[in-house]
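Asks: Those protein sequences? They're chains A and B, same order as listed.
If you're matching positions, the first sequence starts at -6 in the working numbering and goes up one per residue.
If you're matching positions, the second sequence starts at -6 in the working numbering and goes up one per residue.
Just so you know, not all the hints are guaranteed correct.
One copy or two, either will do: identical chains are not told apart, so a pair holds if it fits within one copy or between any two.
Below, in silico cross-link-like pairs of lysine-lysine (DSBU-like), each with a Cα-Cα straight-line distance of 35 angstroms or less [unchecked claim]:
| # | residue 1 | residue 2 |
| --- | --- | --- |
| 1 | LYS392 | LYS350 |
| 2 | LYS392 | LYS467 |
| 3 | LYS234 | LYS337 |
| 4 | LYS285 | LYS8 |
| 5 | LYS467 | LYS316 |
| 6 | LYS417 | LYS467 |
| 7 | LYS(-3) | LYS417 |
| 8 | LYS82 | LYS234 |
| 9 | LYS17 | LYS285 |
| 10 | LYS285 | LYS467 |
| 11 | LYS316 | LYS448 |
| 12 | LYS312 | LYS337 |
| 13 | LYS350 | LYS234 |
| 14 | LYS(-3) | LYS316 |
| 15 | LYS234 | LYS8 |
| 16 | LYS(-3) | LYS234 |
| 17 | LYS417 | LYS234 |
| 18 | LYS363 | LYS285 |
| 19 | LYS467 | LYS(-3) |
| 20 | LYS234 | LYS17 |
| 21 | LYS234 | LYS363 |
| 22 | LYS448 | LYS17 |
| 23 | LYS17 | LYS337 |
| 24 | LYS234 | LYS100 |
Derived from the structure by calculation, the hints contain no laboratory data.
Number of protein chains: 2
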Amino acid sequence: MAYKSDSEIASEAAKLPIRDVAAKLGIAVEDMLPYGHDKAKISRQFIDGLTDRPSGKLVLVTAINPTPAGEGKTTTTVGLGDALNRIGKRACICIREASLGPNFGMKGGAAGGGYAQVIPMEDMNLHFTGDFHAITSAHNLLAAMVDNHIYWGNEQQIDLRRVVWRRVVDMNDRALRQITCSLGGVTNGFPRETGFDITVASEVMAILCLATDLDDLGRRLGDMIVAYRRDRTPVYCRDIKAEGAMTVLLKDAMQPNLVQTLEHNPAFVHGGPFANIAHGCNSVIATTTALKLADYVVTEAGFGADLGAEKFFDIKCRKAGLKPDVAVIVATVRALKMNGGVAKADLADENVEALRKGCANLGRHIANMKSFGVPVVVAVNHFAGDTEAEIQALQDYAKARGVEAILCRHWADGSEGAVDLAQKVVQIAESGGAEFAPLYPDDLSLFAKIETIAKRIYYADAVLADTAIRNQLKEWEDQGYGHLPICMAKTQYSFTTDPDRRGAPEGHSVPIREVRLAAGAGFVVVICGEIMTMPGLPRQPAAEAIGLNVAREVVGLF
Amino acid sequence: MAYKSDSEIASEAAKLPIRDVAAKLGIAVEDMLPYGHDKAKISRQFIDGLTDRPSGKLVLVTAINPTPAGEGKTTTTVGLGDALNRIGKRACICIREASLGPNFGMKGGAAGGGYAQVIPMEDMNLHFTGDFHAITSAHNLLAAMVDNHIYWGNEQQIDLRRVVWRRVVDMNDRALRQITCSLGGVTNGFPRETGFDITVASEVMAILCLATDLDDLGRRLGDMIVAYRRDRTPVYCRDIKAEGAMTVLLKDAMQPNLVQTLEHNPAFVHGGPFANIAHGCNSVIATTTALKLADYVVTEAGFGADLGAEKFFDIKCRKAGLKPDVAVIVATVRALKMNGGVAKADLADENVEALRKGCANLGRHIANMKSFGVPVVVAVNHFAGDTEAEIQALQDYAKARGVEAILCRHWADGSEGAVDLAQKVVQIAESGGAEFAPLYPDDLSLFAKIETIAKRIYYADAVLADTAIRNQLKEWEDQGYGHLPICMAKTQYSFTTDPDRRGAPEGHSVPIREVRLAAGAGFVVVICGEIMTMPGLPRQPAAEAIGLNVAREVVGLF
């Protein structure tokens, strides 16, 4: 049997006019701003009017540690959303927007896969509704204003060597990672070293995704640290008076984008912060808006549950007051076998023993989710080669931990393939068993927060940090930032900081290389390993094959 | 009497739903792509289907040399368009889009003024429909691919010192004018000097505005020169294989944007190339589309007629096969008095003598327009302080040259104030007196083309160019670029290269400082003076006062 590719399925799909999709959530034409006929933003006035409505149930889709075998977290998010609609619940999914730049390096991707996708795929991989361009503009306006401030006399006494606000571009461009700017003489300013990151790494992106409304957005933008003086005191965005203009540039980008699944169910696709140096979830405003409009909101977090779900709970839910009702952990037989030591080339062979061994990874994520007070169900995303014995072993493993592992075939069958999962999610959510609480309290010291995550989520023995890092954390506490949550930046492939240690390692230590304060976003980034904030293009960039065919359709993008 | 500001008038205006504006041009809802309820792009399929329709009349609005007194070229374009509709003609205006970056330096501007404006003003000064962001992305993708090509082995043998493709950002950022990129070691590439221009200065912008369709767009993008080898042979965009992906990024930006005037008449606002290093007109595709949909299309060109109209005729009309029917030269009593030697502070005093003297500037533009075979009418854009004697003197001057100078009050009265002008334009257009021909033939040598413009349009005696420049022009002729038209880049304030020489100077010489080949846009840029392609922000940028008020309305942008 020949399968269709994701892009074939997506491009062949009939789309409902976006106004009809909006109508499913009770959004009238005048309450949305159309972008073409298949995309729309939801008006601010409409969102402001939802405050007093009750909120629906919140379902987080997360996963075991990712492997090259693939897990299908977004696919399951879409499949579950469609299945909830299929069994009569008003459900809406909330996922992140794609970054433009990387599509010209590797091929662009679908949102979901098979018969569980969000469309229009092409627009979502290109400019979409312009949100990321607005973020790029706002970020770079601040950068221009900082250098302009220095140029015209530097009233704030910024130390030229300590300007921490870089520039951004939504492009994979390694040549811009490190530059010297303001060359060419008096009229161009004071030369200094700086560089560009990719737009999704911008603190403005993290802020857009955490802000509850435009006032909160402006406040957070003003709180960002752009530089330090010689006496090490911070210079804030508001000292440069840029936050008002930045807010104006971002006002449309703050409005969630509505699109649809292949089954014409509503999907908010909004925001896309990095999952390492930021928190990696779609916007708070999209999630809270969806909760006011739907009985069920299905959302996901970046990477595996150790990073993605932990940050979703400890940063997004803590700050936005969200209370997740169910956590769905996506696992595949293939990925668990890899976690059990099987090489990618051997995945086609049945190997129940390796699967059982790899289940330790799943088991730890189950325990972790429960430690947040969130009930768990495992979604086994079915692949064609999975054997009955393997699936049974996986289900037995979960059952022994008091959790159901439900086989899902939404990739092949759409919503029909995820009905069992949807029913289980509804049963758990309506039983009201969730008692969500973040992992650590706000008033714990910053270092103790890091230790709590490392020991309780990663099962590490110790956190290693030199004196400079510990002092930096203390200094921030003295400056009033001690209440902030931690945003861990480490490899997504392991509970440890070593990407090759799959399964459920323990007894390791977590070395901290660097800490950064995102004072506007409101978290302390703890970097444990190499973090690339500006990717490069490969030897043969995907862009070389992208173009229009004779029918003027896009080719090569997927 | 207290006048309302342009932004007050614009923000108080009732807007027609854009679908109703489109309907006036016979564009159905399914043939447009809405952006909100007050902006839309016209679908490619619809435009492709218009080929066999007859074209309406084309009216160019141009002006005398600008002075600080202001002329009101766009205001007159809008007022005339509205007035043509008022007298029963189906008319559409075509103007340029505004650049985002400069709005954060000086206040953003209206499109038009008083009761002759295009709306929505706020969106048009912000992200609008994202065209400029798309151009920025396409431009910078090519830049990233050039450095990536060098990084992975430099198969094309690009000379690192001769990469001519810079990067762009739609921001006034002097710190980026000159940079050293690719610093930081092996993984970041080969350090070299480069810089950023503002997006409107991109050759991609000029190409988008000259391309007739997506095929032509892709071909022109491929033709762009990005670098030279050590042997001085050019490396083209197509050698880097970027033109396909760039075309994909630009495919929506190629579709004209429809908005409306205060009187709800259709306006295409599309494209915005620099008026110095580029040709300074709105897009060919918007103009040709409008001509298929309307009886009258009123468009404008940047700067005064010596630069703007000449380039409109010799570049845009020549290349797109457009045949203008009427040229409207906008003049004001105030600006003519300044051309006659009056200081700005003294403009309020009646001064018929200075006005008569200044009319020499108008007279020369009248003669120039006629030399293109285009009949002329002068629009006297009325200002409150103008005296009857001054207006009479101006009208007499024009009459002596066989041209009517018509007093217009569209700024104060909207279309009603420009009915006389509209009737005259119709009379001229319907008499069929136009016999448009470009100033010089394609097969004239490049230097002879420059001399023709300098002598016949600027009334100069000589063109001064050193051997290096003359050799460069010859080299391009040998390479097959001799057929290209010339794009002059000189001060807009004078027929000469000295901005202070107002009126109608003669006997001067035109010194050429630099020539540049825009092989994709299809013209040779001749630079006579300082051309700034990346503005800076002033000491107190407008951005500092921009923000949202308590009602979350934008303040400080205008």
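Asks: Would you mind marking each hint as holding or not holding in the structure?
Replies: Results of checking the hints against the structure:
1. For the identical chains of this complex, LYS392 and LYS350 are intra-copy neighbours only, at 16 angstroms inside a copy versus 97 angstroms across copies, given an alpha-carbon limit of 35 angstroms.
2. Taking the closest pair of Cα atoms, LYS392 and LYS467 never come within 35 angstroms of each other, the shortest separation being 44 angstroms inside a single copy and 82 angstroms across copies.
3. Taking the shortest Cα distances, LYS234 and LYS337 sit within 35 angstroms of each other only across copies (34 angstroms), while inside one copy they are farther apart (53 angstroms).
4. Taking CA atoms no more than 35 angstroms apart as the test, LYS285 paired with LYS8 passes in both settings, with 25 angstroms inside one copy and 31 angstroms between copies.
5. Within a single copy, LYS467 and LYS316 get their C-alpha atoms as close as 31 angstroms, which meets the 35 angstroms cut-off; across copies the closest is 73 angstroms, which misses it.
6. Proximity of LYS417 to LYS467 under the C-alpha cut-off of 35 angstroms is found in neither arrangement, the shortest distances being 46 angstroms within a copy and 78 angstroms between copies.
7. Taking the shortest alpha-carbon separations for LYS(-3) and LYS417, only the intra-copy value of 30 angstroms comes in at or below 35 angstroms, while the best inter-copy value is 63 angstroms.
8. Taking identical chains as interchangeable, the C-alpha atoms of LYS82 and LYS234 are never at most 35 angstroms apart, the minima being 47 angstroms within one chain and 49 angstroms between chains.
9. In this assembly of identical chains, LYS17 and LYS285 lie within 35 angstroms of each other by CA distance solely inside one copy; the values are 13 angstroms within and 39 angstroms between copies.
10. In this assembly of identical chains, LYS285 and LYS467 lie within 35 angstroms of each other by CA distance neither inside one copy nor across copies; the values are 40 angstroms within and 69 angstroms between.
11. In this homomeric assembly, LYS316 and LYS448 come within 35 angstroms of each other (Cα to Cα) only inside a single copy, at 24 angstroms, whereas the closest approach across copies is 76 angstroms.
12. Taking the shortest alpha-carbon separations for LYS312 and LYS337, neither the intra-copy value of 39 angstroms nor the inter-copy value of 57 angstroms comes in at or below 35 angstroms.
13. Proximity of LYS350 to LYS234 under the C-alpha cut-off of 35 angstroms is found in neither arrangement, the shortest distances being 56 angstroms within a copy and 48 angstroms between copies.
14. Taking the closest pair of Cα atoms, LYS(-3) and LYS316 never come within 35 angstroms of each other, the shortest separation being 38 angstroms inside a single copy and 51 angstroms across copies.
15. Taking the shortest alpha-carbon separations for LYS234 and LYS8, only the inter-copy value of 33 angstroms comes in at or below 35 angstroms, while the best intra-copy value is 44 angstroms.
16. Taking the closest pair of Cα atoms, LYS(-3) and LYS234 come within 35 angstroms of each other only across two copies (28 angstroms); inside a single copy the shortest separation is 52 angstroms, beyond that limit.
17. Taking CA atoms no more than 35 angstroms apart as the test, LYS417 paired with LYS234 passes in neither setting, with 51 angstroms inside one copy and 51 angstroms between copies.
18. Taking the shortest alpha-carbon separations for LYS363 and LYS285, only the intra-copy value of 26 angstroms comes in at or below 35 angstroms, while the best inter-copy value is 66 angstroms.
19. In this homomeric assembly, LYS467 and LYS(-3) never come within 35 angstroms of each other (Cα to Cα): the closest approach is 55 angstroms inside a single copy and 56 angstroms across copies.
20. In the homo-oligomer, the alpha carbons of LYS234 and LYS17 never lie at most 35 angstroms apart, since the shortest distance is 42 angstroms inside one protomer and 44 angstroms across protomers.
21. In the homo-oligomer, the alpha carbons of LYS234 and LYS363 never lie at most 35 angstroms apart, since the shortest distance is 45 angstroms inside one protomer and 51 angstroms across protomers.
22. In the homo-oligomer, the alpha carbons of LYS448 and LYS17 never lie at most 35 angstroms apart, since the shortest distance is 44 angstroms inside one protomer and 68 angstroms across protomers.
23. In the homo-oligomer, the alpha carbons of LYS17 and LYS337 never lie at most 35 angstroms apart, since the shortest distance is 43 angstroms inside one protomer and 61 angstroms across protomers.
24. Proximity of LYS234 and LYS100 under a CA criterion of 35 angstroms is satisfied inter-copy only: 16 angstroms between copies versus 40 angstroms inside one chain copy.
Of the hints listed earlier, those the structure fails to meet are numbers 2, 6, 8, 10, 12, 13, 14, 17, 19, 20, 21, 22 and 23, in rising order.
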